[in-house]
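**Student:** Letter by letter, the chains look like this.
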Amino acid sequence: MGEPILRPPAIGDVDGFVAYIQAGGKVEAGDWMPEEYKNEVMKIAGFQAILEVVPMPLFRKWMYMAPTLWRRRPLLGKIQDEVGHCHITARMLEDMGKSREELFNDYLEGRIHLNYPFKFPVESWGELPAFLLLTNSAAIVQFRSLSHGSYLPYCRVMKKIMREESFHFYHALQLCHELVTEGTPRQRAQVQEGLAKWWHIALYQFGPPEHLTKGRDWRKWRVKVDDNEALRQQWITMLYPIVRSLGVEPDPALERDPETGEWRYSPLDWERFFQLIRQRTPLEEWYVDEFRRTYQSDMWAIKALKELPLAA
Amino acid sequence: MREYEAFVRFRKGEPLQHVGSVRAPDPESAAEAAYHIYLRLDTFERLWVVDRECITELVSDPEWDRRRIEETEFRRPSFFVRKLTAAGYTPPKLSTG
Numbered sequence: 001m002g003e004p005i006l007r008p009p010a011i012g013d014v015d016g017f018v019a020y021i022q023a024g025g026k027v028e029a030g031d032w033m034p035e036e037y038k039n040e041v042m043k044i045a046g047f048q049a050i051l052e053v054v055p056m057p058l059f060r061k062w063m064y065m066a067p068t069l070w071r072r073r074p075l076l077g078k079i080q081d082e083v084g085h086c087h088i089t090a091r092m093l094e095d096m097g098k099s100r101e102e103l104f105n106d107y108l109e110g111r112i113h114l115n116y117p118f119k120f121p122v123e124s125w126g127e128l129p130a131f132l133l134l135t136n137s138a139a140i141v142q143f144r145s146l147s148h149g150s151y152l153p154y155c156r157v158m159k160k161i162m163r164e165e166s167f168h169f170y171h172a173l174q175l176c177h178e179l180v181t182e183g184t185p186r187q188r189a190q191v192q193e194g195l196a197k198w199w200h201i202a203l204y205q206f207g208p209p210e211h212l213t214k215g216r217d218w219r220k221w222r223v224k225v226d227d228n229e230a231l232r233q234q235w236i237t238m239l240y241p242i243v244r245s246l247g248v249e250p251d252p253a254l255e256r257d258p259e260t261g262e263w264r265y266s267p268l269d270w271e272r273f274f275q276l277i278r279q280r281t282p283l284e285e286w287y288v289d290e291f292r293r294t295y296q297s298d299m300w301a302i303k304a305l306k307e308l309p310l311a312a
Numbered sequence: 001m002r003e004y005e006a007f008v009r010f011r012k013g014e015p016l017q018h019v020g021s022v023r024a025p026d027p028e029s030a031a032e033a034a035y036h037i038y039l040r041l042d043t044f045e046r047l048w049v050v051d052r053e054c055i056t057e058l059v060s061d062p063e064w065d066r067r068r069i070e071e072t073e074f075r076r077p078s079f080f081v082r083k084l085t086a087a088g089y090t091p092p093k094l095s096t097g
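Protein sequences, first through last, are from chains A and B.
Under the working numbering, the first residue of the first sequence carries the number 1, and numbering increases by one thereafter.
Under the working numbering, the first residue of the second sequence carries the number 1, and numbering increases by one thereafter.
Excised from the complex, chain B in its bound form (with noise of 0.2 Å):
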């Protein structure tokens, strides 16, 4: 038996989300079981199965994060609008949607 990661992209155009993991003799099990166990109150568009090993990890250090984001709070939309504002000055709303 080996571990395997589910992730299911509930809607078209959606990202793939983690959902849980199982434990399957091969990948089509692992499919199987995924469908079984996490998709039984969704619809969804796609679900993927990864072998745990097959997965790198990095995990973040909060500390350095917490920094880098603050060195380069410039590179963010927000820190120029502040300072528009700041300076009397209403910036549009710019929408993305």
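Next up, chain A with everything else stripped away, as it sits in the complex (with noise of 0.2 Å):
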């Protein structure tokens, strides 16, 4: 096979194993890594298996308000899915030491917040598929890039995940053309008025420019592969057609660079972004105390299954 042989770094070598990272070397669980990319692992593991689970009140609340059987079945799914996604992330979590406790006590304590497109309501359900397209593809574009990171486990997460994703992908396009092309005209409204301001938000869901963020020497660890910008860009070219094909010009400011391809859009308020990051909105009070409650009324079963004796 024509790939080179790199070889895995001495046990705490950290220039060595830096060195073996730039290269393209990728880390497999139980491998010596130091501290610093423990970290950096875990944050990054972390914040996407709250993520996972932290809005599923208001999936819940969605599906309980589908109008049909037939639409609440897909609903119930991607609940589960998304449930069982914190679950895998949460396990690989587990085996780097850092308890499920844990990672619930972070988000309660105010160390993890939501990401920005998550602090905001979804008001109709037509509404409803325009935020899932939006943030869903977002969340696949960020997940098909970690798949390439150098921590193999989590690599091995987002492949697992991705699949399921499109299926909610697919779901909620479905949705958005069902209601575009036979709903109500107050349906096709709800729909093209929320795609219009979801795809605003959404282009925050990537995380400011690089040079707004100071001090996370990110590209050191390539856990986190590709920059923010990129990911946007990368969004923009997948997602615009398909709004547009809904009916929608979601920014009027919307061009692309005919010679690098780059999209030049209306400028982002980035001061107010860093301003709400760090504050919970109304939803997400909403959000953290039905985590707080939920977590509390489950916690008898946490404990009795911490004091199951071992199977001999």
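Hints in this document: simulated from the structure, not taken from any laboratory.
Everything numeric in this text was worked out from a predicted model, so none of it was measured.
Built from N, CA and C at the ideal position, the CB exists for glycine as well.
The hints are all genuine.
Subject to a maximum C-alpha distance of 27 Å in a straight line, what follows is the list of computed BS3-like cross-link-like pairs (lysine-lysine):
(1) B/K83 / A/K159
(2) A/K160 / B/K83
(3) A/K160 / B/K93
(4) A/K26 / B/K12
(5) B/K12 / A/K98
(6) A/K214 / A/K98
(7) A/K43 / A/K98
(8) A/K159 / B/K12
(9) A/K197 / B/K93
(10) B/K12 / A/K220
(11) B/K12 / A/K43
(12) A/K38 / B/K12
Sample of chain A residues at the chain B side, in silico, Cβ under 7 Å:
(13) K26
(14) R73
(15) P74
(16) G77
(17) L152
(18) S166
(19) F167
(20) Y170
(21) H171
(22) Q174
(23) H177
Assembly of the complex is requested from the two constituent chains, each provided in isolation within its own frame, with the hints serving as guidance.
**Tutor:** Here's what the structure looks like:
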């Protein structure tokens, strides 16, 4: 095989580890890794795990409000998938030494913040698929990139998750399409206004451009491989034709540079982003309450499992 | 002598794959034996041997599985892609690679 043979670094050799990662080296569970690298993986994976499970009350609400049983089922499927995604990622984190209790407390005590789009409510049944379509596809773009990272157990997590995310994506797209083509004028307006609203919010999902984030040297560890702006560009390329085909011009200022292929869009308000990201909006307060309530009411089961004698 | 099942990760990042089994007096010899028997022709990344006694198996019930998959057909991306195509809309291909 034509691949160059990369020698994994010796235990304790941080510089060797960085050089190995920079040369495209990959890390398997159980390999030696510097603390800083481990923290980087736990930070990224912990954020994603929390994001999978915390917005559940929103989906549960809309699942019950679905107009038909036929529509309720995919939403129920989605909830089950998302909880499963949290389980898979939390399991990987447990292997790295971070327990679920620590992970959940990180959220409850405000050390992990929700991603920007999840701070805003979905107002109608027609807006729901617009929200789902845009945020899900943004997540897919992020997961696709993360699946090429340097920590292999996490890459496998991403691959497993993406297959289910594509069901969520096509479900949202089909619901948008159905409401736009066969729905009432009001429903069509809800979807189209929803797409315009969530297009703008979803752009923030990828995070601020590099010159605004300071201090975090993510390039060194290659757990995350692409910068935020590159992912945002990929997402626009993927989603713009879809949003257009549903009859929406999401951003009048949007245009593509014919030479570089780069999209130019209306400026984003990063100051407001930084202000809001560490605050809890009323919706997020509701998430926290629901999370705490469920966590506490299920505590007996967690305790019972812990006290279970290990099978001989 | 005990029976050990051998699992190999041929290339980094791939899942472990079952390659066969060996009989050996202890885990170290089992790994050694599996290395010589199953990995003669290939390079590999990692080899695991697991005492057969430690493995718990869940065997599928084909009839139940078929029904389960049929009834949750809506959970596959292809289900909604087909619906969109039938409605005259060509959905984009989602590259997840």
